[in-house]
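Let chain A serve as the given structure and place chain B on it in line with the hints.
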Amino acid sequence: MNNPIWQPRIVAFFCTWCTYTAADLAGVSRMKYAANVRVIRVMCSGRVDPQFVMDALAKGADGVLIGGCHPNDCHYAEGNYKMLRRFRLLQRMLTDLGIETERVRLEWISAAEGEKVKTVINDMVEKIKAMGPLNLPGRFQEWDREMDSLEHAATQPKESEKPHAH
Amino acid sequence: MQMDNQKAEVRIGFYACHCGSNIAGMVDVVEVAKKAGKLPHVVLSRDYKYMCSDPGQELIAQDIKEHKLNRIVVASCSPLLHEHTFRTATEKGGLNPFYFHMVNIREHNSWVHTDRQEATEKAYALTQAAIRRVAHHKALEVKKVKIEPSVLIVGGGIAGIHAALTMAEAGKKVYLVEREPTIGGHMAKFDKTFPTLDCAACILTPKMSTVGSHPNITLWTYSEVAKVEGFVGNYKVTVKRKPRYIIEDACVGCMECIKSCVYKEPKFADEFNEGLGKRKPVYIPFPQATPQVVLIDPETCLQLKTGKCKKTCVEACADRHAIDFNQKEEFIDIQVGTVIVATGFKTFDAERLPQYGYGVHKNVYTALEVERLVNASGPTGGHVVMRDGQEPKSVGIIHCVGSRDKKTNRWCSRVCCMYSMKLAHLIKEHTGAEVYSFYIDMRTPGKGYEEFYDKLLEEGVQFIRGRVGEVTDWAYAPGEDGKLVIRVEDTLAGYVRRIPVDMVVLASGLEPHKDSQDVRRLFNMSCSTEGFFLERHPKLAPVSTFTEGVFIAGCCQGPRDIPDTVAQAGAAAAEALVLIDKGSVELEPNTAYILEQECSGCKSCIPLCPYTAIAFAEDRNKAVINEALCKGCGTCVASCPSGSIVQNLFEDEEIFKEIEGVLAYE
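So the protein sequences, as listed, match chains A and B.
According to this note's numbering, the first sequence holds residues 80 to 245 in order.
According to this note's numbering, the second sequence holds residues 23 to 688 in order.
It should be emphasised that the hints constitute simulated quantities derived from the structure, not laboratory data.
Note that the structure is a prediction, hence the values are computed from the model and not measured.
Cβ coordinates follow ideal geometry from the N, Cα and C atoms, glycine included.
There is no bait here: all hints are sound.
FRET-style restraints, in silico, Cβ to Cβ: (1) B:E191 to A:T180: 56 to 66 Å; (2) B:E618 to A:A233: 42 to 52 Å; (3) B:A650 to A:A233: 58 to 68 Å; (4) B:P663 to A:T180: 22 to 32 Å; (5) B:A30 to A:G217: 33 to 43 Å; (6) B:A30 to A:Q86: 31 to 41 Å; (7) B:K71 to A:Q86: 24 to 34 Å; (8) B:T634 to A:A232: 55 to 65 Å; (9) A:Q86 to B:D641: 52 to 62 Å.
Derived DSBU-like pairs (lysine-lysine); straight-line CA-CA distance at most 30 Å: (10) B:K195 to B:K166; (11) A:K208 to B:K57; (12) B:K71 to B:K57; (13) B:K561 to A:K111; (14) B:K428 to A:K197; (15) B:K644 to B:K165; (16) B:K258 to B:K368; (17) B:K71 to B:K114; (18) B:K281 to B:K229; (19) B:K368 to A:K195; (20) A:K111 to B:K56; (21) B:K536 to A:K195; (22) B:K300 to B:K289; (23) B:K71 to A:K197; (24) B:K264 to B:K327; (25) B:K165 to B:K604; (26) A:K138 to B:K56; (27) A:K197 to B:K536; (28) B:K604 to B:K168; (29) B:K505 to B:K477; (30) B:K679 to A:K197; (31) A:K138 to B:K160; (32) B:K561 to A:K195; (33) B:K264 to B:K368; (34) B:K166 to B:K114; (35) A:K197 to B:K561; (36) B:K165 to B:K625; (37) B:K428 to A:K195; (38) A:K197 to B:K429; (39) B:K56 to B:K114; (40) A:K195 to B:K429.
Only chain A is shown next, with the shape it has when bound in the complex (with noise of 0.2 Å):
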């Protein structure tokens, strides 16, 4: 995070049947996008595990896209909708822990727009770079020397208390 020029890392989400297809479809098609979205591949949307958004987010992404088919053209029925529900939790999660809710972002990308692929990472990047760095991993270690400088002034006054009780 000390880079002069810092990019932001974003870790992607693609359900396989409509948004990592149309990402394929952008790549075809040659359409250039920013080069800071990391695609992790999945069945459905539906398989995003919370866990694994914050899991990202721990571990040093700026922002978390989520790319699904659109409502009604699952693969899979639904398994959409069970993101869609799974999103709004993660959102008032986010916002409790003080994570601006626009870093955890869920798009509906069929497998024709390409374009959109393109369109949305670009977008992503940039309010992304507007925001700042997240850097979670940074701010526990930060937290982790709070917490030990904490540990360390409770453990000394009881040494020091040791000769007044005799």
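For chain B alone, kept in the frame of chain A given last:
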């Protein structure tokens, strides 16, 4: 590298593909391979020109044996393209094919990025993810599903007919469902076909009657697919049979009922003739309709509308008792192994372009209407006459109506240039009229097509290059009175012309059906942005869809002419035959299972499953997944509060490792 004692040592082989310059042009493949070689458990790391080539695949198989590799990662194109190839190569080397994982550094990387360093970094990050993930892969068994040796063909145009005959001849059970009362589709309406000028009916109707009488074909016209469930090999389909108020098995096609209808003269617009002819409430769309069964239109039949009629038709039908005014919609369930969707197209609605005056000026026709006018079995018996009964002395044919236009449809409809020339020839032949053809570009790619164009030039058809601005009846120059004036910029001559004609023909383009979205959802297919059904791969899988066992043929996939449609229908039939003759299909073993010792019996997964694959074992207080019903979406896995559901190929641990991997780069 020593792992703990329980697990065998993980030995990963990594291969980065150049794909010629497709990947290597933007990603430093050599560098990725070099860095990957230093990652834990990676025993061997190579870069190679074309991994999917035979020597590339052989390399994997060889290395597995030589270097005792037990995990393979290939960074190349999309897994949707070559995952199967490399799994096979892995298997050839003696490993379980699921010890393989693929990294997409072409479609998702080299083709979409412009900065070499960024692209290389990304490729390396994705590689790290795969290498971390693959260590957790397990040996899996491929699940085999039996294929029902039957096919459902949706749409009875030339595509559906050809596919049906091919499959039926191969001895497979065919269900052909057609929405209209007869099969034949658009082709049945044509008089001649370009460029050979074969009579459409002569080449089509024998095929139609073969369909009607073939022992392996069940033909349901005036029917629609209402519901589709199941998956490849075992689709459960519900077909809705609309009431035609005729008992099909009892009707012999004598048409006595039509003769004896209380309406002495045909009175109602005839759909088959594009409304140019008239029919009675009881009718048969055209003489060679298949099946040879009449139908009654409830909108116009006195008995069905008012309940008061002498029912002379019933009298005429006599002891055949084929007429049933109480017929109701009927639903039939069938089981099929494969599906071919050949639902065709609709023509562009010319009224959407008011400047051409369709529906305003009575002598402006669509090409399909003129097809009926030149047809010997059409409403005028093949005489090209206008609505006032006069033969036109001059005709203007306007190309690209609703095609190649950002305001309407952007695509080229492919057939209009050719059919416009065919009509030009036929009109000239029938009437001797002066014919003007207004084109943007003349598109004649096909066997004998350019030669046909040459022939037309010799015949003296006047070709004028330019998109027509308007068709107007406002006359101001001599000779324009009572005529339609076509205003056009002649881009070859370089000036704006006014050409007075008697009759205007609009070469409307081809569009997806209005309800193509519903059909798409029914079969779980995808659509391109234009609304045509999307093929699995534009070049290598042109008749397959993303739904296993569902194939597409004809204009529902995009505009095309009859030869191409027939070729595609044959291809779709062949693909369906491959599946059926194989007898079974291998399914991705990505199903989910329950870790019983961890399941708390909370039942939260059970309502989530769209396939009701999860049951509850009351005796053990555990959820149980029926593997045969599970389709492997993983929704239950993501929702299990105790983490006791595992999805093969997409285990939590595998995905967590991937997350770790993609974020591990510096």
